[in-house]
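Numbering (our numbering), first residue to last: -19 to 447.
Simulated from the structure, these hints should not be mistaken for lab results.
Each hint should be verified, as a subset may be incorrect.
Unchecked claim - Have a look at the derived ranges for each label pair, beta carbon to beta carbon:
| hint | residue 1 | residue 2 | range |
| --- | --- | --- | --- |
| 1 | Ala165 | Ala82 | 50 to 60 Å |
| 2 | Ala411 | Pro200 | 25 to 35 Å |
| 3 | Thr48 | Ile307 | 20 to 30 Å |
| 4 | Pro368 | Ala411 | 19 to 29 Å |
| 5 | Gly427 | Glu260 | 37 to 47 Å |
| 6 | His154 | Pro372 | 20 to 30 Å |
| 7 | Gly195 | Arg306 | 37 to 47 Å |
| 8 | Asp434 | Asp143 | 45 to 55 Å |
| 9 | Ala194 | Asp143 | 35 to 45 Å |
| 10 | His120 | Gly210 | 40 to 50 Å |
| 11 | Asp434 | Arg266 | 23 to 33 Å |
| 12 | Ala194 | Thr171 | 42 to 52 Å |
| 13 | Ala165 | Pro193 | 25 to 35 Å |
| 14 | Ala82 | Gln52 | 22 to 32 Å |
Using N, Cα and C, we set each Cβ at its ideal position, and we do this for glycine too.
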Amino acid sequence: MNRHATRADEDADDLDVEEALALVNDNPGRPSGHPTAVPQPPGTSPRAPERHGDDRHHRAIGWADARTVAEQAPRHGTGGRAGHRTPVQVPLSDTLGLTLAAPLTALTDLPSFDTSAMDGWAVSGPGPWDVREKGVLAGHTAHAPLTDGEAVRIATGARIPPDTTAVLRSEHGHIDDKGRLHVAAAHAQNTVSHGQDIRPRGQECRNGDHLLPAGTVVTPAVLGLAAAAGYDTLTAVPRPRADVFVLGDELLTEGLPHDGLIRDALGPMLPSWLRALGAEVTAVRRIRDDADALYEAITASEAEVVVTTGGTASGPVDHVHPTLRRIGAELLVDGVKVRPGHPMLLARTGEDQHLVGLPGNPLAAVSGLLTLAEPLLRTLAARPAPEPYMLPLRDGVQGHPYDTRLIPVALRGDRALPLLYNGPAMLRGIAAADALAVVPPGGARPGQEAELLDLPWASGGIGVCFT
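Could you build all of it, start to finish, from the sequences and the hints given here?
Set out below in structure tokens:
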């Protein structure tokens, strides 16, 4: 875990219960399809959440409601300006992952001239044809017209000479000992039709055609289309800036854990994950368990999103709530009915700034990222919401009696396989996962469909999403 294991932290995340569940979940030794545990109906848990010493559980909201609040938070900022971010002109090479703020309109015909679709011969009229000595290559601009019965060697993408009627593919033709081109015997039954293997000017689009709407995320294919259509820059929504503050005296940045100190897992993980969610990470700082240091870091940040790790419960060194009160922040979400990650929070710390407080345990922090940070950053970056989808679970999953659970799963064909090691302090399960399954209170039986949250690299690829 990434914070002191105080009693408050343990209560907040149900560490003892969830880590025990993680050890029995997806036991590799059980028969395929056998449930991990029988889902229990609400009210059967020996530990009810009302045991907390404060009323934070009663302030917690449902998981789906929390995601909605985070998604809408930038649109409801003080003065109504937050969420309406000024588009910028970005060099084409820097736009991967950004969202188009204006429609993409063709600046030229595509192709901009008649071109050969194949290597072969440009021919005029019916064959056989006399072949010119000098061929036509891509990038050459001026070619003499062909006369009827004449052919010329041509490369794919080369400009078609005037009066060309078709292109005969290399494998479909042969030249006799007199230098005349004929259709090969194997293809003699196929006539050379007018326009064959010629890409006419404007076949893909005409100058001024609408290619893509505003709101399209720039993928490698969009980059290629924009370049082909004549763009050097694109009008896009800038990446929201994010600062990451990793809190805790017990954290090591290298070497093995020792003497009560542990390795910081979130410092290396969060920046890349936030970039995958569309953010520009402007700072990663480690801050000791000191309330004044945390206050100074937050108030000095110029990022649109501040992400903190740990300190969101009510232990002796949990300074996030007191610091937010000191700042005068508006607490939008104070706890979410989800496991792991229950003590996550979302606050508005300025007119154009929000703070996402993640729990310090690694998988609980991932839960907070996908519950609060993802919808918040998606709105700021003007990215479209992912289409929800569901798959049946191969195995049953033990549920929390009151709260949603997020469980790492691997996708195996048309089913989702719940993975081992899914306790709040564990990363072993999520490191092997393709998605998180949303398990409702009470659990899920084998074959029951569950909503899935894709991990950003599972479908897009590492090189695509970490921009």
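Hints, one by one, checked against the model:
1. One distance hint, 50 to 60 Å for the beta-carbon pair Ala165 and Ala82, holds here, with the actual separation near 55 Å.
2. A C-beta distance of roughly 26 Å is found between Ala411 and Pro200, which places it inside the suggested range of 25 to 35 Å.
3. For the hinted restraint 20 to 30 Å between Thr48 and Ile307, the CB-CB distance of approximately 24 Å keeps it satisfied.
4. Here the CB-CB span from Pro368 to Ala411 is close to 24 Å, well matched to the stated 19 to 29 Å.
5. With their beta carbons about 42 Å apart, Gly427 and Glu260 fall inside the hinted range of 37 to 47 Å.
6. The hinted window of 20 to 30 Å between His154 and Pro372 is violated, with their beta carbons roughly 58 Å apart.
7. Taking 37 to 47 Å as the suggested C-beta distance range, the pair Gly195 and Arg306 conforms, at roughly 39 Å.
8. Here the CB-CB span from Asp434 to Asp143 is close to 54 Å, well matched to the stated 45 to 55 Å.
9. In this structure the hint that Ala194 and Asp143 lie 35 to 45 Å apart at CB holds, the actual value being about 43 Å.
10. Separated by about 21 Å at the C-beta atoms, His120 and Gly210 break the suggested range of 40 to 50 Å.
11. Remark: the range hint 23 to 33 Å for Asp434 to Arg266 is upheld by a beta-carbon distance near 30 Å.
12. With their beta carbons about 47 Å apart, Ala194 and Thr171 fall inside the hinted range of 42 to 52 Å.
13. In this structure, Ala165 and Pro193 break the distance hint of 25 to 35 Å, their C-beta atoms being roughly 51 Å apart.
14. The hinted window of 22 to 32 Å between Ala82 and Gln52 holds, with their beta carbons roughly 24 Å apart.
Violated hints, in rising order: 6, 10, 13; the structure is consistent with all others.
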